[in-house]
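Visitor: Spelled out from the first residue to the last, the chains are:
There are 2 protein chains.
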Amino acid sequence: MTSDQYIDSHADDFVRELQKACRQPSIAAQNAGMREMADLLASVMRQAGIEVRVLPTAGHPVVVGHVKGKSPRTLLFYNHYDVQPPDPLDEWVAPPFSAGIRDGKIFARGASDNKGNALSRVFAVKSLLESEGELPVTVKFLIEGEEEIGSPNLRPFCLENRDMLRADGGIWESGYRHQDGRLGVYAGVKGDVYLELEAHGANTDLHSAAATTIPNPAWRLCWALASLKNQKEEILVKGFYDDAVAPGEKDVALLERPDPAEQETHLKRLGLKQHLLGLRGMDVVIRTLYSPTCTIAGFLTGYVGEGQKTVLPSKAMAKVDFRLVPDQDPDDIERKIRRHLIDHGFGDISVKSFTHSVPCYTPLDDAIVQTVLKSAETVYKARPSVSPWQAGSGPMSVFVKDLGIPMAAAGVGYWDNRNHGPNENVRIEDYVLGIKMAVQVMRDFAQA
Amino acid sequence: MTSDQYIDSHADDFVRELQKACRQPSIAAQNAGMREMADLLASVMRQAGIEVRVLPTAGHPVVVGHVKGKSPRTLLFYNHYDVQPPDPLDEWVAPPFSAGIRDGKIFARGASDNKGNALSRVFAVKSLLESEGELPVTVKFLIEGEEEIGSPNLRPFCLENRDMLRADGGIWESGYRHQDGRLGVYAGVKGDVYLELEAHGANTDLHSAAATTIPNPAWRLCWALASLKNQKEEILVKGFYDDAVAPGEKDVALLERPDPAEQETHLKRLGLKQHLLGLRGMDVVIRTLYSPTCTIAGFLTGYVGEGQKTVLPSKAMAKVDFRLVPDQDPDDIERKIRRHLIDHGFGDISVKSFTHSVPCYTPLDDAIVQTVLKSAETVYKARPSVSPWQAGSGPMSVFVKDLGIPMAAAGVGYWDNRNHGPNENVRIEDYVLGIKMAVQVMRDFAQA
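Protein chains in written order, with my numbering: chain A, 48 to 495; chain B, 48 to 495.
Bear in mind the hints are in silico, worked out from the structure with no lab data behind them.
Honestly, I wouldn't trust all of these hints.
[As the list claims (entries may be wrong)] Quick list of in silico lysine-lysine cross-link-like pairs, DSSO-like style, CA-CA up to 30 Å: (1) Lys383/B to Lys399/B; (2) Lys399/A to Lys320/B; (3) Lys383/A to Lys279/A; (4) Lys279/A to Lys428/B; (5) Lys315/A to Lys115/A; (6) Lys428/B to Lys315/A; (7) Lys448/B to Lys279/A; (8) Lys399/B to Lys279/A; (9) Lys279/A to Lys115/B; (10) Lys383/B to Lys117/B; (11) Lys483/A to Lys67/A; (12) Lys448/A to Lys297/A; (13) Lys115/A to Lys399/A; (14) Lys115/B to Lys421/B; (15) Lys421/A to Lys117/A; (16) Lys320/A to Lys383/B; (17) Lys399/B to Lys320/A; (18) Lys320/B to Lys279/B; (19) Lys483/A to Lys428/A; (20) Lys315/B to Lys399/A; (21) Lys320/B to Lys383/A; (22) Lys297/B to Lys428/B; (23) Lys279/B to Lys399/A; (24) Lys279/B to Lys383/A; (25) Lys279/B to Lys285/A.
Make a model of the complete structure from these sequences and hints.
Guide: Structure, rendered in structure tokens:
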């Protein structure tokens, strides 16, 4: 039996295992179900023939795996078993941890990001071991539990376990198929700085009649936010763009012209008439890659229920997410934002810092990137697209910069996964193809 | 037995009745307990000797009462039996509808605004009837159930029942004692326009990585709000101040210089170092009366739970409260705000309109105002303060402008009632004095 035949004849089992994993909530931000998920994952990995350890960190444990292979080369799979909070709950078609199947898709928080991806690799190893008895390369797994809260303990863990994690190349957590079925491959990530701003007024909510003479923290926060970015989408923090790379000619030449029909479909599906700033065609692609962002990800103040309440709020809170491009430095950017607030008279607004992740990338001519491109063409039967990095972020720099492991991304996603939003889902077809892709990458990397 | 003796000897009963009324939630905005509260109130009024009817409106019913008195003059008491929503619940020292007593105060949503005031008048009538057998003037009650949602049905009700409501003067819903114990009397209200703004982006929350090219409604709303008012607290809507009266010399001359120590205590109690814009002394008083406001009363978008969620929100909502001064017209002001949003490129933001209340006042030399001032001096044993109107608003124009009934305000409140906020409370001492004050007003108005 070939590995592909094994995968096809066991696809139903692999789907059931993914549903089971999705039914176990594992929300790092709320410390919900984390240990249970790590143990469940370790158990599935052991049954796949992987040597597994669940190792402690200062936060949630890391699940590491190891299988010795034929060639001297080593391939590292990076994934995470934590998920984003599932809110807003009332917009899901089914409960976010029910993991039911509709239209050939599993709907669940984590179905795509990142349990589907993690298990596709586990079952790739299992399928090769069952059908051939041995892997073409040595494989290592690092599956952490804190990616969605900024991986605060990943770097210390990796630095302490440098030898254990040594590898010649790594496969990043996720990848996405286009509407035409081809895989989108990328070789880097944006960085991220996530801040919570809070403004305070009186020590209690007051009748809004008091607004003539009592400060309103909602206004303070609104004005502070408006000082960060203008309506032309220009981020106004001094020095913010200093270290942002401009689009390189060589990299841009590799980028594909987007299909206008696909862009149109994407907008229509989101209920939008046009992209931000009216961007079209190649400008959408270039801005997606090369533009850092400043995003209000949450804002809460005062009365937000039904009807009216004439209240002067006592506090106001906003969550603001900044995506960074190479070579912006998250610590430097946070310093500049704090300085900006003080310089603009908003020193009274408190700033709490969450994720700090460093933008990073592997050059496209590296062996791991070329391997993934080759494997993708074989498995998806069409030349993949490639971009120097993706619009999202993650702790890739720990591997690429700290451990010196070049990384490329491939995975089970598609253009409508709705990661982080309601109705996250994975197509079963993509999940199964993803298992075959992970097998192919192991084969091709042995030869690279 | 004099009426005062009757009141003193029945004070405990009157307190228990108020606690009972406070334990019945009656949140108009959430349609919670409204009919039950109207019936409870009607029952207490009947037991006080008042002829009562609970009359339907298109919304919550109105409770009207009538007692024929000795003199040909008629006095109208206006109150409301609905209350504000009690949020934020976790800031209350005890559940908002438990109505327990601490330090001589009843803590409950509605204790002061407006059940304490309403019952003080009901028990004033009862006390006079029990101790003297007859009222010095004819008394009418109008107690509505929609004041906290902008009294949408009060005006049609009053216009249809013009004859039934005919009166020579009226007592407005509330009044407040200063820290030195004197009563603060006022003879008008500000107006109010309450709007809910909503901005829409994609039809679902997205991963914040999409923020490079997908519009963020939270930013749209933030920028729209920032266009309404600048950091100098100047409202930037074109023509907004056109009809706002300037402080009149005669009225300002009647205003008392505030006690600096009292202002200091007030700020300290709220945990503040200074008033808005650093205002002090008389400027605080004048701005409180003569400045219209634009208040963000609520703002909700995206993820507002613990920790971080890197989300691009699909919608953003803000509640904005505008207090108006004479002679601003709420309809005109709303038109100007809508025009402002369109003119500033925010035509995509939807505007939902709640309260529209008209600012209005009775001249200070009117008989009802002079009566209240005289009665207050008798009851509180000190000359009351007086101001042409209060910073809050209410449907007073229905009485003053539509029915031609001059109105003045007196009530059971004090400087720390926390109306509309957590820990709303009424001092039992004030409640009992308020009953005596209502008795005194009936006596004095018979002579006025």
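Visitor: Each hint needs a verdict: does it hold in this structure or not?
Guide: Evaluation of the provided hints:
Taking the CA atoms of Lys383/B and Lys399/B, the gap is near 14 Å; set against the 30 Å cutoff, the hint holds. Of the pairs offered as hints, the one joining Lys399/A and Lys320/B holds, with about 23 Å between alpha carbons and a cut-off of 30 Å not exceeded. Restraint check: the Cα-Cα separation between Lys383/A and Lys279/A comes to about 20 Å, which is no more than 30 Å; the hinted pair holds. This hinted pair does not check out: Lys279/A and Lys428/B have alpha carbons roughly 63 Å apart, beyond 30 Å.
Using a Cα cut-off of 30 Å, the hinted pair Lys315/A and Lys115/A is violated, with the two alpha carbons roughly 48 Å apart. For a cut-off of 30 Å, the pair hint linking Lys428/B to Lys315/A is broken: about 72 Å separates their Cα positions. For the given pair, Lys448/B sits about 48 Å from Lys279/A by alpha-carbon distance, which is inconsistent with the 30 Å threshold. Taken as a hint, the Lys399/B and Lys279/A pair is honoured in the structure, with Cα atoms around 27 Å apart against an allowance of 30 Å.
Taking the CA atoms of Lys279/A and Lys115/B, the gap is about 68 Å. The hint is violated against a cut of 30 Å. Of the pairs offered as hints, the one joining Lys383/B and Lys117/B is violated, with about 50 Å between alpha carbons and a cut-off of 30 Å exceeded. Restraint check for Lys483/A and Lys67/A: the C-alpha separation of about 21 Å stays at or below 30 Å, so the hint holds. Note on Lys448/A and Lys297/A: the hinted pairing holds, with a Cα-Cα distance of about 22 Å set against a maximum of 30 Å.
As the CA atoms of Lys115/A and Lys399/A are separated by approximately 44 Å, the hinted pair breaks the 30 Å bound. The straight-line distance between the Cα atoms of Lys115/B and Lys421/B is roughly 23 Å, inside the 30 Å bound, and the hint therefore holds. At most 30 Å may separate the alpha-carbon atoms for a hinted pair to count; Lys421/A and Lys117/A meet this at roughly 21 Å. With a C-alpha separation of about 28 Å, the suggested pair Lys320/A and Lys383/B falls inside the 30 Å cut-off, and the hint holds.
As the CA atoms of Lys399/B and Lys320/A are separated by approximately 23 Å, the hinted pair is consistent with the 30 Å bound. For the proposed pair Lys320/B and Lys279/B, the alpha carbon gap of about 18 Å is at most 30 Å, so the pair holds. Restraint check for Lys483/A and Lys428/A: satisfied, since their Cα atoms lie roughly 12 Å apart, inside the 30 Å limit. Simply put, Lys315/B and Lys399/A have alpha-carbon atoms about 26 Å apart, close enough for the 30 Å limit, and the pair holds.
Taking the CA atoms of Lys320/B and Lys383/A, the gap is about 28 Å. The hint holds against a cut of 30 Å. For a cut-off of 30 Å, the pair hint linking Lys297/B to Lys428/B stands: about 26 Å separates their Cα positions. Of the pairs offered as hints, the one joining Lys279/B and Lys399/A holds, with about 27 Å between alpha carbons and a cut-off of 30 Å not exceeded. Between the alpha carbons of Lys279/B and Lys383/A the distance comes to roughly 25 Å, so the proposed pair stays at or under 30 Å and holds.
Between Lys279/B and Lys285/A, the direct Cα distance comes to roughly 24 Å. Compliance with the 30 Å bound is thereby established for this hinted pair.
Checked against the numbered hints above, the structure breaks hints 4, 5, 6, 7, 9, 10, 13 and satisfies the rest.
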